[in-house]
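Here the protein sequences come in this chain order: A and B.
Everything in the first sequence is counted per the numbering used here, starting at -17 for the first residue and increasing by one.
Everything in the second sequence is counted per the numbering used here, starting at 18 for the first residue and increasing by one.
Just so you know, these hints were derived from the structure itself, not from any lab.
Hints may be right or wrong, so weigh each one.
Taking lysine-lysine pairs in the BS3-like style, the calculated list, with each CA pair at most 25 Å apart, reads [stated by the list, open to error]:
| no. | chain 1 | residue 1 | chain 2 | residue 2 |
| --- | --- | --- | --- | --- |
| 1 | B | Lys259 | A | Lys274 |
| 2 | A | Lys94 | A | Lys41 |
| 3 | B | Lys143 | B | Lys130 |
| 4 | B | Lys277 | A | Lys192 |
| 5 | A | Lys184 | A | Lys135 |
| 6 | A | Lys135 | B | Lys143 |
| 7 | B | Lys79 | B | Lys103 |
| 8 | A | Lys292 | A | Lys276 |
| 9 | B | Lys143 | B | Lys103 |
| 10 | A | Lys292 | B | Lys252 |
| 11 | B | Lys259 | B | Lys165 |
| 12 | B | Lys165 | B | Lys103 |
| 13 | B | Lys130 | B | Lys277 |
| 14 | A | Lys184 | B | Lys277 |
| 15 | B | Lys79 | B | Lys165 |
| 16 | A | Lys292 | B | Lys129 |
| 17 | A | Lys192 | B | Lys79 |
| 18 | A | Lys42 | A | Lys292 |
| 19 | B | Lys277 | B | Lys259 |
| 20 | A | Lys184 | A | Lys41 |
| 21 | A | Lys42 | A | Lys94 |
Footprint (simulated), chain B over chain A, 3 or more residues, beta carbon under 8 Å [as the list claims (entries may be wrong)]:
| no. | region |
| --- | --- |
| 22 | 94 to 107 |
| 23 | 286 to 294 |
For glycine and all other residues, C-beta sits at the position ideal for the given N, C-alpha and C.
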Amino acid sequence: MKKMKSLKQKCLVASTLVLFPLAVNAAEDGQAASAAVVKPIVSSESKPKAEGDNIRWEKKYVNVPEGQWTGPRLADGQPDVQGHWSNTVSNHANFTDPQGGIPGDPQGRPPKGTRADRAPSRVSDPADGEIPYQPWARAKQQEFLQYFFNAIKPEYIEPLARCAPAGVPKSFYWHGYEIRQYPGYVVFLFSSGTRVIHLDGKPHLPENIKLWNADSRGHWEGNTLVVDVTNNNGKARFSRTGDFSSENVHIQEKYIFANDGSRYTYQALVTDPTVYTRPWTVTIPARRYTAKDKPNGWHFEVLLNTRDAKGGEPIIERDERICVENNGGFGQGVKH
Amino acid sequence: MMNRKPHFVIKTSFGSTLTSSLIVSVLLSLGSFALPIHGYAAEKTASRELSPIRIPRLANGKPDFSGIWQTTSAAEYDLEPHSTRKDAPPSAGVIEGHGTIPYLPAALEERKKNFEARGTDDPRLKCFTLGVPRGTYYPEPFQIFQRKQDLTILYQFGDSVRTIYTNDTNHPDDADANDWWLGDSRGHYEGDTLVVDVKDFNDQTWLDRSGNFHSDALHVVERWKFLDANTIEYKATLDDAKVYSRPWSLSVILHRHREKDFQLIENYCYTLDYDQYYPFPKP
């Protein structure tokens, strides 16, 4: 065999990290320790930053406001937002305290600084930053967290560790991803899974069809892609801390793009009367990656094709995303 | 492009106000003009060439393969001619000339072993990515999304994603060559035929359920050609010096899904073994 694709190693790393969360914390600590002081984003129109800014550790950000789209458009009229994107505030370790690590970490490594020094909760409403769980659901989340470092039952293994798609909304704060657009469609190519957003006015699938990445119907309003998400199977977790929804969840998404193409804000209203006491809102900031950024195996998992580069501009090529095939059963360390 | 004018002329020539002698004279005036039995004719009918077909095109004039496609062939069960089996409907096969795959002797032995173990060893049974060309004739739909610079193929089975570059780029250098499940695909157009060169495969995929296989030396040249707006002729030539004695070709027809509101439905079938554990049941 020739050497395997780099993504295989990435995926192996990912699987190890998920199965052995201590390692991921170490990796994140390493990245955090090397981070320069991160300046708050003062404008949604700010230029993309160069590689090395450790933007995944951004502690403050300004949400992109909804409004008109003045940027480039595709032939079918859609705002052209194609390209590579990634979130700016840590990964899926902790949903409500993204840079706070995982409670109960047996290595006892404290989060960096105080809560006020870290990125805000991804829960932007309610104001306390907590998911408004019903008591039984909070107990389930706490139970998952209690056993996360010692998964004594199969249900304590996070599905992503078994190569399941990260689902909605976790795909937006796992690895970087690509957006491709076509007449009638926006297609998200995630590190773990794919979402096709239908802009063609077709109805949702029958409600008894349940999917890891749900069923998405969208349309554009100015600079905002508005997407109605149903048919979610409720199996994916939002985080290693066990946050979750049920298969009855209804998610109403807004992807609000800055007109200079550098950033967008993801906002989603999450409604699930079987799990929560009220609807709540998740907010995730994202930035664009371009050929000016160096591929880094996390936010920007691509190859820069320079052999065919014309005019000195490298061509970004996306690796195939293979998980279960290359890992012989991601999550196989647990015999359930 | 289709020329509409002769179509109009001929319709007129058969109009009720024209006498038969007029019809004859009109036809004679058109010289060797063939009778347009399918309702339209083209400028080159004098040389008996088939009319150019009306196919969807991108803004740049290239054929637009966007859509959801699926084969009706039995290729997935066994590419070679075969009688009815419990696990396969009969088929004359899809190999050019109705022949068999020209295996080298050692490879033929391996294929026989694969065949005997097909009920357990087919990578499909683990929902692994089917590879090229198998994904094209697997009996589940796939969707082509197309831009001028590339085609993205989303296979419903396993939700595998493949990119075919049509931006005049080349395969990675051999020094950088990798082993992909779906290979590295670089396409160009020869007339209206999309020709795709695919290499840098791994040796993990099978070609069908009967154990036909390849090595990591596989080289595939695909030819995608519209027969009409809703039908694609798909041909693949497979070369693999480690496994075959010579290149060989297969061909299947792909049909466009036109059912109302038809769409791909996510099929991460490898999750079926464990999705019983999720989500949390409500007490």
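Now the hints, each set against the structure:
1. B:Lys259 / A:Lys274: Status violated; Cα separation ~41 Å.
2. A:Lys94 / A:Lys41: holds (11 Å)
3. B:Lys143 / B:Lys130: Judged against 25 Å, a Cα distance of about 19 Å means the pair holds.
4. B:Lys277 / A:Lys192: holds (21 Å)
5. A:Lys184 / A:Lys135: With a Cα-Cα distance of about 41 Å, the restraint between lysine 184 (chain A) and lysine 135 (chain A) is violated, given a limit of 25 Å.
6. A:Lys135 / B:Lys143: holds (23 Å)
7. B:Lys79 / B:Lys103: violated (43 Å)
8. A:Lys292 / A:Lys276: Holds - the C-alpha atoms of lysine 276 (chain A) and lysine 292 (chain A) are around 18 Å apart, at most 25 Å.
9. B:Lys143 / B:Lys103: holds (21 Å)
10. A:Lys292 / B:Lys252: Distance of about 32 Å is beyond 25 Å: violated.
11. B:Lys259 / B:Lys165: The given pair, whose Cα atoms are some 35 Å apart, is violated under the 25 Å limit.
12. B:Lys165 / B:Lys103: violated (44 Å)
13. B:Lys130 / B:Lys277: violated (44 Å)
14. A:Lys184 / B:Lys277: holds (9 Å)
15. B:Lys79 / B:Lys165: holds (8 Å)
16. A:Lys292 / B:Lys129: Roughly 49 Å separates the two Cα atoms, so the pair is violated.
17. A:Lys192 / B:Lys79: Between lysine 192 (chain A) and lysine 79 (chain B) the Cα gap is close to 37 Å, so the pair fails against 25 Å, i.e. violated.
18. A:Lys42 / A:Lys292: It is violated: about 38 Å lies between the C-alpha atoms, which goes past 25 Å.
19. B:Lys277 / B:Lys259: Measuring from Cα to Cα gives roughly 46 Å; hence the hint is violated.
20. A:Lys184 / A:Lys41: violated (40 Å)
21. A:Lys42 / A:Lys94: With Cα atoms ~15 Å apart, lysine 42 (chain A) and lysine 94 (chain A) stay inside 25 Å; holds.
22. 94 to 107: Violated, because only 0 residues of the region 94 to 107 of chain A bring their Cβ atoms closer than 8 Å to Cβ atoms of chain B.
23. 286 to 294: Coverage by chain B holds here, the residue count being 3 at a Cβ distance below 8 Å.
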